[in-house]
Each structure stands twice: as structure tokens, then as C-alpha cells.
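Asks: Sequence:
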Amino acid sequence: CYQFYQFIATLATTKTMPPKRILSSGRLAACAAALSFQVVSGFQFVQHVPSNSPTHVPTWKANSRPSSTTRLRISSPLSAPGIPTIDVSENSPRDVPYMLQWAEACGVQKAEGFELTSDDGGYDVYARTVVDMPAGSPVVVVPEQMILSSNKAAAELRSDDMEQAEKLLASLNAEDEVRQFYLMIKVLLELEKGQDSPWFPWFNSLPRYYTNAASMTPLCYNCLQSLMRKLAMEERAIMNHLTTAVKKCPYLSVDTKGNTELLVFAFQIVYTRAFDAVDGDLRLVPMGDYFNHGTQTEVVMAYDDDGNLFCQTSYDVPAGTPLRMSYGDPTNPSYLFARYGFLDESSPAVFCKMFPPHINKDMLELGYAENRLLFGKDGSISEEVWDLLLYRYLSSTKVGDRRKLMQAHRDGDYATKRALQEQYYPKTMPLLLDHIDTFVSQLDRLTEKGQQRDPREHPRLPLIL
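The opening position of the sequence shown corresponds to residue 50 in my numbering, with each subsequent residue numbered one higher.
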């Protein structure tokens with residue numbers, strides 16, 4: 050495994066100077082050549098990479114089957130000086146500097162001023178620019194050969210031998226997770242190889258500590274409000290289903306299947322760092338996965354005909370600005386918290402958390418949906434909230450006016466809807482205030498429950514509170 054890369058650790062001469070890891074240019078070049086990564090010619094956005102781009106002969110067969118007796122090499126003691134292994138424990142450090150050297154050697158191209166930084170000691174590492182970047186500027190290019198994808202994983206691994214695992218997924222009502230399942234298996238197979246994996250430097254740069262739903266304790270779930278708790282339990286169920294089905298995979302070693310910490314690490318990689326391509330493929334893109342989420346996104350991503358990833362700025366980005374992409378609907382921070390484990394303070398509005406005991410077709414027609422029943426950060430309330438409150442009031446008091454409301458809505462007669470809203474405002478406003486008071490009281494009870502527990506046993510509680 051040492052033919053791919055080598056560390057040279059230089060000892061610190063003072064307490065204020067941390068040790069540095071240096072990789073020679075010759076060793077980096079050998080690494081890139083051995084990995085058969087294609088170098089994308091020209092740091093610019095093109096529709097098609099020229100066919101004469103330099104390539105290397107692959108060192109593995111795409112259709113080969115991994116051995117089920119592969120020895121697990123994760124978190125094992127160092128067998129030689131300077132050769133690191135991946136420690137997947139929560140508090141292990143991230144080796145981002147070495148990953149950057151590896152990425153450059155493998156053909157990743159970065160714009161001048163692009164950097165990875167952290168504000169919390171390395172737990173969250175994100176991309177930003179230290180120079181002004183005009184709109185449309187290239188930011189990062191990642192060669193296709195570096196990208197792990199569900200399509201490639203399924204093509205390599207899907208066979209009759211996997212039928213039992215897929216049937217188990219179906220029995221657990223997790224058929225929709227097949228893409229993630231195969232990508233997770235591919236990640237685990239690479240992790241089994243330890244330093245022999247071409248993606249070892251990238252794996253070793255990834256976070257081990259997470260604050261999302263899959264990482265929470267049962268007590269944490271009991272301290273969440275109803276919608277958040279529902280989403281969190283769904284995320285936990287997905288993780289349990291996939292880690293159970295993975296144990297039916299004949300290509301993984303017994304040690305891997307029994308290593309819960311490692312299975313969770315692979316799950317978190319797939320579910321927090323992979324994103325969808327327009328063709329339905331799910332892709333893990335080293336370096337392309339370091340853009341944080343934002344309501345206003347600074348970068349847009351696209352793939353050329355050969356599958357290389359190109360990122361460029363979406364507007365004139367001033368120096369010192371984080372470079373962000375979108376992880377999902379910005380008006381649904383509950384989902385973002387459940388899946389990724391952060392509070393989206395850039396969200397312009399949030400779902401009002403209104404849950405009628407029964408939702409009928411009329412309510413859906415009026416706009417009952419989590420991304421439409423919104424409270425704005427500026428104090429605004431969406432029209433759909435008022436329509437739903439009015440509908441619920443009229444359903445128990447004025448059925449005739451309820452029919453009038455629905456007809457006006459279907460006809461686009463906003464004058465009639467406005468007149469009804471103003472007429473019944475003295476009735477709907479107390480309903481809204483009661484909903485808010487009830488919800489805030491629920492939060493107070495949940496907060497009190499959480500404050501009675503030791504955060505050392507439940508480290509995600511402070512973020513929830």
C-alpha cells in the first residue's frame with residue numbers, strides 16, 4: 050500500500066509550531082499515475098473535454114468482484130512510521146491539508162483565492178474565497194475518475210449475490226434507498242482497503258462527529274417538537290435499515306459487518322455529502338463536497354459530457370465570502386437539521402407547524418404544504434396560512450361561506466377571498482395566536498426536559514436546546 054503515497058513527518062521544534070506533513074512532488078505524481086485519474090485540460094468551463102486529454106492505464110478492473118475475505122484495516126495500529134490509518138471515532142482529527150495535496154495531484158483544479166477554512170477548530174471545514182470572484186468565474190474542476198457514484202457502484206456490485214440484501218431492503222420498505230445502499234457498500238469496500246484505497250486521503254479528511262438525527266440518542270428525539278421528531282426518527286430508521294441490509298452483502302468482510310462505528314461512518318458520508326445529478330445518479334465528489342449550504346448560493350455545479358464536475362460562481366462574490374450551494378428547500382430547516390445537523394439561520398421563512406387532525410382535498414387545494422404554510426423571518430405570514438385558518442373556522446360555523454371561499458379560490462377571485470378574510474379576521478386571528486402559544490408552550494416543556502439531562506451523555510442536546 051505504500052507505493053501510492055508516503056508521509057514525512059517533521060518534528061515540531063517549539064510548542065507553538067505544530068508538526069507538518071510533507072508529500073514530495075514525485076510521490077504525488079506517482080500517486081496520480083497509479084490511480085489512473087484523468088487530468089482535465091484547461092481550467093475553464095467547456096461542454097466537452099477534448100479526447101486527447103492525458104489519461105493513465107487503469108490499475109483495476111471495473112467489473113471485478115471484491116473478495117469477501119478482505120481484511121479490515123480501519124483503526125488498526127500503524128504498521129510503519131508515517132503511514133496513517135483512518136480512525137473513525139468521533140473526536141479523531143481531520144487531515145484536510147494532505148487531502149488538498151492528493152486532490153491537486155489527481156487533477157483537481159482550484160481557482161486563485163479558493164481555500165478551505167474552519168471557524169470551530171476543524172469540525173466544520175468549508176470553502177470560501179479570499180479574492181473577489183466575478184460572476185461566472187471557475188471555482189473548482191473535479192475529474193470524473195475521482196467521483197464515486199451510485200450508478201458506478203451498482204454496475205460494479207449488483208449481481209445475483211446481492212438479491213438477498215435487496216429483498217431485505219424491500220421488506221423494510223426501503224426500496225427508495227437502493228442508490229444510497231450501493232454507494233454505501235462501495236464506500237465500505239474502499240474503507241476496508243485502508244491506505245490501499247485511492248480515496249484514502251479524502252476519507253481521512255472527512256468529519257467523524259455529526260449532530261444530525263442519525264447521530265442522536267433516544268433522549269434527544271424526545272426533546273424535539275413533533276415535526277422535527279418525526280423527521281429525525283425517519284432518518285434513524287433509514288440508517289438502521291441500511292446498516293442491517295449491508296450485513297447481507299457477500300463482498301464485505303465479517304469484521305466490517307460487525308463494526309457499527311464504521312457502518313455509521315459510511316452511512317454519514319453517503320447521506321450528508323452525496324448529491325443528485327440531473328440524470329438521477331447520486332455522486333460523492335471529493336472537493337466538490339466542501340461547499341456549505343446557503344439560501345443564497347455562490348456556486349452552481351454542472352457536469353460535462355465526460356462526467357467531470359465544474360463549479361462556477363453564480364454572482365459577483367466578494368473576498369472573504371463562503372462559497373455555498375443548496376442542500377434543499379431553505380423554508381424547511383427541520384429537514385436540513387434532521388439530515389445534516391445544522392440550524393439554517395439564513396432561511397427566509399419556516400413552516401408554521403400547523404397540523405390539522407384531518408387534511409382533506411380542499412385543504413390541499415388551498416395550499417396545505419410545508420413549503421407554503423410559512424412564517425417569514427420579517428414577520429410576514431403567507432396567504433395559505435390565513436386561507437387554512439379561515440377554512441377551518443368556516444367548516445364548523447359557516448358552511449355556506451366555506452363553499453364561497455373554495456369557489457373564489459378556484460376562480461382566482463382574490464377580491465372575494467380578501468373580503469372573507471377581512472370579515473372573519475376577528476375569528477381567525479385568535480386561532481393563529483392560540484396555535485403559536487400552544488407551540489411555544491410545547492417548546493418550553495421540551496426545553497425543561499432537556500435541561501434536566503447531562504449534555505456529556507447527550508452531546509447533541511445543547512444544539513437542540
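No lab work stands behind these hints: they were computed from the structure.
Be aware that one or more of the hints could be misleading.
[Said to hold, decoys possible] Listed next, the in silico DSS-like pairs over lysine-lysine satisfying Cα-Cα at most 30 Å (straight line):
#  : residue 1 : residue 2
1  : 453       : 297
2  : 201       : 296
3  : 498       : 447
4  : 402       : 453
5  : 476       : 498
6  : 242       : 216
7  : 279       : 242
8  : 402       : 447
9  : 476       : 402
10 : 216       : 159
11 : 242       : 297
12 : 242       : 296
13 : 453       : 410
14 : 296       : 306
15 : 296       : 216
16 : 242       : 306
Asks: Compare the structure with each hint and give your call.
Replies: Here is how each hint holds up against the structure:
Taken as a hint, the residue 453 and residue 297 pair is broken in the structure, with Cα atoms around 58 Å apart against an allowance of 30 Å. Note on residue 201 and residue 296: the hinted pairing holds, with a Cα-Cα distance of about 21 Å set against a maximum of 30 Å. Note on residue 498 and residue 447: the hinted pairing is violated, with a Cα-Cα distance of about 41 Å set against a maximum of 30 Å. Of the pairs offered as hints, the one joining residue 402 and residue 453 holds, with about 26 Å between alpha carbons and a cut-off of 30 Å not exceeded.
Straight-line distance between C-alpha atoms of residue 476 and residue 498 comes to about 34 Å, which puts the hinted pair past the 30 Å bound. At roughly 27 Å between alpha-carbon atoms, residue 242 and residue 216 fall within 30 Å of each other, so this suggested pair holds. In summary, the hint linking residue 279 to residue 242 is not supported, as the alpha carbons are separated by about 37 Å, beyond the 30 Å threshold. Under the criterion of a C-alpha separation no larger than 30 Å, the hint pairing residue 402 with residue 447 is consistent with the structure, at around 25 Å.
The suggested pairing of residue 476 with residue 402 holds, with an alpha-carbon distance near 20 Å, which does not exceed 30 Å. Distance check on the hinted pair: residue 216 and residue 159 sit about 43 Å apart at the alpha-carbon level, beyond 30 Å; violated. Of the supplied pair hints, the one linking residue 242 and residue 297 holds, its CA atoms being roughly 20 Å apart against a limit of 30 Å. For a cut-off of 30 Å, the pair hint linking residue 242 to residue 296 stands: about 18 Å separates their Cα positions.
For the suggested pair residue 453 and residue 410, the alpha carbons sit about 16 Å apart, so the restraint of at most 30 Å is met. A hinted pair counts as satisfied when its Cα atoms are at most 30 Å apart, and residue 296 with residue 306 qualifies at roughly 5 Å. With a CA separation close to 13 Å, the supplied pair residue 296 and residue 216 stays within the 30 Å bound. The straight-line distance between the Cα atoms of residue 242 and residue 306 is roughly 15 Å, inside the 30 Å bound, and the hint therefore holds.
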